[in-house]
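Number of protein chains: 2
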Amino acid sequence: MQGTTAPRVRVFPGRRRICDAEPVDILDELRDLIGADQVSTAPERLEAYRYDLSRDPAAQTPLAVVRPVTAEQVQQTMKWAAAQRIPVIPRGAGTSLSGGASAQQGSIVLALDRMTGIAIDPDTRTAVVEPGALNIAVKQAAAEHGLWYPPDPSSVEISSIGGNVATNAGGLCCVKYGVTRDYVLGLDVVLADGRLARLGGPRLKDVAGLSLLQLFVGSEGTLGVVTRIVLRLVPELPPPATLVALFATPDEAAAAVVETCSAVRPSMVELMDNASINAVEDFQSMGLDRAAGALLLIQTDAPGAARELELEVAQRACEKHGATAVFSTDDPEEAQMFVAARRAIFPALDRLGPLMLEDVGVPLPALPALVRGIGAIAQRHRLRIPVVAHAGDGNTHPIIVLDPADPDCRDRAALAYDEIMRLALSLDGTITGEHGIGRIKRPWLAEQLGPDVMDLHARIKNALDPDGLLNPGAGY
Amino acid sequence: MQGTTAPRVRVFPGRRRICDAEPVDILDELRDLIGADQVSTAPERLEAYRYDLSRDPAAQTPLAVVRPVTAEQVQQTMKWAAAQRIPVIPRGAGTSLSGGASAQQGSIVLALDRMTGIAIDPDTRTAVVEPGALNIAVKQAAAEHGLWYPPDPSSVEISSIGGNVATNAGGLCCVKYGVTRDYVLGLDVVLADGRLARLGGPRLKDVAGLSLLQLFVGSEGTLGVVTRIVLRLVPELPPPATLVALFATPDEAAAAVVETCSAVRPSMVELMDNASINAVEDFQSMGLDRAAGALLLIQTDAPGAARELELEVAQRACEKHGATAVFSTDDPEEAQMFVAARRAIFPALDRLGPLMLEDVGVPLPALPALVRGIGAIAQRHRLRIPVVAHAGDGNTHPIIVLDPADPDCRDRAALAYDEIMRLALSLDGTITGEHGIGRIKRPWLAEQLGPDVMDLHARIKNALDPDGLLNPGAGY
Numbered sequence: 001m002q003g004t005t006a007p008r009v010r011v012f013p014g015r016r017r018i019c020d021a022e023p024v025d026i027l028d029e030l031r032d033l034i035g036a037d038q039v040s041t042a043p044e045r046l047e048a049y050r051y052d053l054s055r056d057p058a059a060q061t062p063l064a065v066v067r068p069v070t071a072e073q074v075q076q077t078m079k080w081a082a083a084q085r086i087p088v089i090p091r092g093a094g095t096s097l098s099g100g101a102s103a104q105q106g107s108i109v110l111a112l113d114r115m116t117g118i119a120i121d122p123d124t125r126t127a128v129v130e131p132g133a134l135n136i137a138v139k140q141a142a143a144e145h146g147l148w149y150p151p152d153p154s155s156v157e158i159s160s161i162g163g164n165v166a167t168n169a170g171g172l173c174c175v176k177y178g179v180t181r182d183y184v185l186g187l188d189v190v191l192a193d194g195r196l197a198r199l200g201g202p203r204l205k206d207v208a209g210l211s212l213l214q215l216f217v218g219s220e221g222t223l224g225v226v227t228r229i230v231l232r233l234v235p236e237l238p239p240p241a242t243l244v245a246l247f248a249t250p251d252e253a254a255a256a257v258v259e260t261c262s263a264v265r266p267s268m269v270e271l272m273d274n275a276s277i278n279a280v281e282d283f284q285s286m287g288l289d290r291a292a293g294a295l296l297l298i299q300t301d302a303p304g305a306a307r308e309l310e311l312e313v314a315q316r317a318c319e320k321h322g323a324t325a326v327f328s329t330d331d332p333e334e335a336q337m338f339v340a341a342r343r344a345i346f347p348a349l350d351r352l353g354p355l356m357l358e359d360v361g362v363p364l365p366a367l368p369a370l371v372r373g374i375g376a377i378a379q380r381h382r383l384r385i386p387v388v389a390h391a392g393d394g395n396t397h398p399i400i401v402l403d404p405a406d407p408d409c410r411d412r413a414a415l416a417y418d419e420i421m422r423l424a425l426s427l428d429g430t431i432t433g434e435h436g437i438g439r440i441k442r443p444w445l446a447e448q449l450g451p452d453v454m455d456l457h458a459r460i461k462n463a464l465d466p467d468g469l470l471n472p473g474a475g476y
Numbered sequence: 001m002q003g004t005t006a007p008r009v010r011v012f013p014g015r016r017r018i019c020d021a022e023p024v025d026i027l028d029e030l031r032d033l034i035g036a037d038q039v040s041t042a043p044e045r046l047e048a049y050r051y052d053l054s055r056d057p058a059a060q061t062p063l064a065v066v067r068p069v070t071a072e073q074v075q076q077t078m079k080w081a082a083a084q085r086i087p088v089i090p091r092g093a094g095t096s097l098s099g100g101a102s103a104q105q106g107s108i109v110l111a112l113d114r115m116t117g118i119a120i121d122p123d124t125r126t127a128v129v130e131p132g133a134l135n136i137a138v139k140q141a142a143a144e145h146g147l148w149y150p151p152d153p154s155s156v157e158i159s160s161i162g163g164n165v166a167t168n169a170g171g172l173c174c175v176k177y178g179v180t181r182d183y184v185l186g187l188d189v190v191l192a193d194g195r196l197a198r199l200g201g202p203r204l205k206d207v208a209g210l211s212l213l214q215l216f217v218g219s220e221g222t223l224g225v226v227t228r229i230v231l232r233l234v235p236e237l238p239p240p241a242t243l244v245a246l247f248a249t250p251d252e253a254a255a256a257v258v259e260t261c262s263a264v265r266p267s268m269v270e271l272m273d274n275a276s277i278n279a280v281e282d283f284q285s286m287g288l289d290r291a292a293g294a295l296l297l298i299q300t301d302a303p304g305a306a307r308e309l310e311l312e313v314a315q316r317a318c319e320k321h322g323a324t325a326v327f328s329t330d331d332p333e334e335a336q337m338f339v340a341a342r343r344a345i346f347p348a349l350d351r352l353g354p355l356m357l358e359d360v361g362v363p364l365p366a367l368p369a370l371v372r373g374i375g376a377i378a379q380r381h382r383l384r385i386p387v388v389a390h391a392g393d394g395n396t397h398p399i400i401v402l403d404p405a406d407p408d409c410r411d412r413a414a415l416a417y418d419e420i421m422r423l424a425l426s427l428d429g430t431i432t433g434e435h436g437i438g439r440i441k442r443p444w445l446a447e448q449l450g451p452d453v454m455d456l457h458a459r460i461k462n463a464l465d466p467d468g469l470l471n472p473g474a475g476y
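So the sequence lines, in the order shown, correspond to chains A and B.
Residue numbering for the first sequence follows our numbering, beginning at 1 and increasing consecutively.
Residue numbering for the second sequence follows our numbering, beginning at 1 and increasing consecutively.
Worth flagging that the hints you see were computed from the coordinates, not collected in a lab.
Ideal Cβ positions, reconstructed from N, Cα and C, are used throughout, including at glycine.
Do not take every clue at face value.
Stated by the list, open to error - Selected chain B positions facing chain A (in silico; Cβ < 7 Å): (1) Pro363; (2) Pro404; (3) Asp452.
Unchecked claim - Footprint (simulated), chain B over chain A, 3 or more residues, beta carbon under 8 Å: (4) 170-181; (5) 243-254; (6) 425-439; (7) 445-451.
As the list claims (entries may be wrong) - Chain A side only, calculated, beta carbon under 10 Å to chain B, not exhaustive: (8) Ala36; (9) Ser40; (10) Thr70; (11) Thr124; (12) Gly146; (13) Thr167; (14) Leu213; (15) Thr222; (16) Ser285; (17) Gly287; (18) Asp359; (19) Leu364.
Use the sequences and the hints to build the structure in full.
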């Protein structure tokens, strides 16, 4: 067992106080409560849990990493933290792209990555899942019963359901099948004082009391720690048909998206701009047309004649808006190749240098203006900003590629990052469609929400976590 | 202009206080603020706005009925009410079935029934709607653009969108298309202090900040007054195909529902028991089999071959579970007749005497046990309790018919009402699937939620409405 001396001064975001605690090992108390195996202060463990996938440079070394295996241990940890006034950073698989799980000095990281249980109930068509279970594992467990858990963030293979709930994660299928919130029927939440509240359950309709369940979804670990999730599953669907269209400009592609989605409900509508196409081709040649200004990837899983109809509507919309080529396929393998190309964008760009990943969204008709504006920002700041988009939702991921060899590139990127969010807001959009505010986007939130809504946030937070111990500095 | 003297004692639910106000007409202040036309104390108006559709006997005569025509007038009314500490009962079309809009002595009824604007934006596929607009009016306005607003409570022709948002109303199509919450993208909410918060907007994905929007949906007017709603619309669908199956017992019908819904996603799954069938036949003969123990009405709007498949799956499930007859039709008029029969249940029963309308729900596999248990309760208390159910959601409406000629019938009905909710809770169910808690179901809520979740409610309420002025006594 390894000892840690309580720091004489603990830093709380937004306030500082002198801690009068005796220099005994306060972590020993926690070890006594939940077992020594669950509490680590090993330097390599602290370092591994310091950052999430955003690699937020402001992340700090935590006091300890706590990895409970039961909800009771989570409750005991929260009670201990409340008594000691130690901030708690809840963490699923650590794949936040906005610093939602960056560690803070003087805090503990409460990692749920050992709570990975999954139980499928085919009769109620629900999954009861622990927060550390990966999204892909839930999908696979459901598939064994002919069932489907739709939400599919790009991180589907590495992100946890707990993290998905914390950010109300989206993905590629949302355009037809909705986001994480639409599949959460029940939550067990450990509150700031260590009590456990059970919200909702395996009922498809339930309006008894306030929608607290929905308040916790997307709360980024600032209101409680989720220890159990009841997810709604749906019957599995047949494989989709796929249409690929090339355009000279992203504007034209975006216009085709607006037109398609006003008539039919495709199950996927993804857009890649020229820079994305070339990044993927550089990474792993898939035979994409490097000269194309944009590529649209549209899928329909409608059955029978409706499938043909949806493909036709999409094709006509693409042609009307100047597509230079349109082709479609019913072959799952060929389709999978295009989806793989779309999903390859992050690894492809990751090789080129550090990335600043954006997540802005706008009402669908503003999508062309957003894509055009991002191009102008890239040009003005001499930056490479490939854009991929869940275009059917108006949700784009401009990816600012930093050039490590260019010393003032980071300053220009910071300007561009700011300008992209302001551009989205000027188009009645949002600074985050699915990644969450985390710590990185916090400076922009008030501009989107305004003072009255920010005040509502403060009142809710204060009501549920008056000492501000849960994920301080994140979420809002 | 008609004067009203401030009562010397105002009754606040849960507390009483002596009011020191001078006997000047405090309503004149309000008339000065928002115009005399918006404030009425005419006795017939007070009486008309005293009750909602539940005819809660505990409803009291309000101080005044305030009917603003702009959000600014709602804000001014709330500011005035906050200053005067006068409770406010928000009201849409007054179709609450659980006393959510029953007036209280010393309160004003804030009726939104003159704010009925609807604007459809086909490009964003959204409707911007004022709270008093009826659900059917939104559906019709959307249909003019080839669009569809799915939520369809049985009250679709008489209930307002504001009321639908307040209760998170469900309906017949929810089994496939979800409830009101799934279509609310944005809300303007006037808070207890008169400030207006704009939450969300015409964006399909937005995770900036807490899910306050979702917290307000289903809050039954206890946290704020909704003045503007942005609704998501979807492309219109072709008319469905319909299957009707008869069974000797509701148990068998319920078992067929469970089996059907585990394999396919019908767009409607309604159940009527023998008592419902006969009540409808008595009311208006539709040729239903009066001897049947239960009737299932299943629709599929899947296109092409999938439609045949879904009908086949449902038919096989019905036959497997003992259906005595199964027939299906693609003829919209014939289908409409069955849907009309289902919807006729309330007017049919309404003639027979006062009704106590239940709204309990259970996880789908518990549906047979629930229906069976309700039958036993009816028998034990010598009551007529027809059951109709949104069976695919596990949401049932047992309807206790009171016999005006039987003096102790009301006492037995009260016992049955209580036992039905306890039965649902014992099956891991809910006391309300879509009607809301209102005032009538409040005594049972704590039993469902438990003390910790009730405490969370109190903390949220206190954070947003510390003086308890918004719909006191309702919701939780």
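Evaluated hints:
no.: 1; hint: Pro363; in the structure: holds, 4 Å
no.: 2; hint: Pro404; in the structure: violated, 31 Å
no.: 3; hint: Asp452; in the structure: holds, 5 Å
no.: 4; hint: 170-181; in the structure: holds (count 6)
no.: 5; hint: 243-254; in the structure: violated (count 0)
no.: 6; hint: 425-439; in the structure: holds (count 10)
no.: 7; hint: 445-451; in the structure: holds (count 4)
no.: 8; hint: Ala36; in the structure: violated, 30 Å
no.: 9; hint: Ser40; in the structure: violated, 30 Å
no.: 10; hint: Thr70; in the structure: violated, 18 Å
no.: 11; hint: Thr124; in the structure: holds, 5 Å
no.: 12; hint: Gly146; in the structure: holds, 8 Å
no.: 13; hint: Thr167; in the structure: holds, 6 Å
no.: 14; hint: Leu213; in the structure: holds, 9 Å
no.: 15; hint: Thr222; in the structure: holds, 8 Å
no.: 16; hint: Ser285; in the structure: violated, 32 Å
no.: 17; hint: Gly287; in the structure: violated, 31 Å
no.: 18; hint: Asp359; in the structure: holds, 9 Å
no.: 19; hint: Leu364; in the structure: holds, 6 Å
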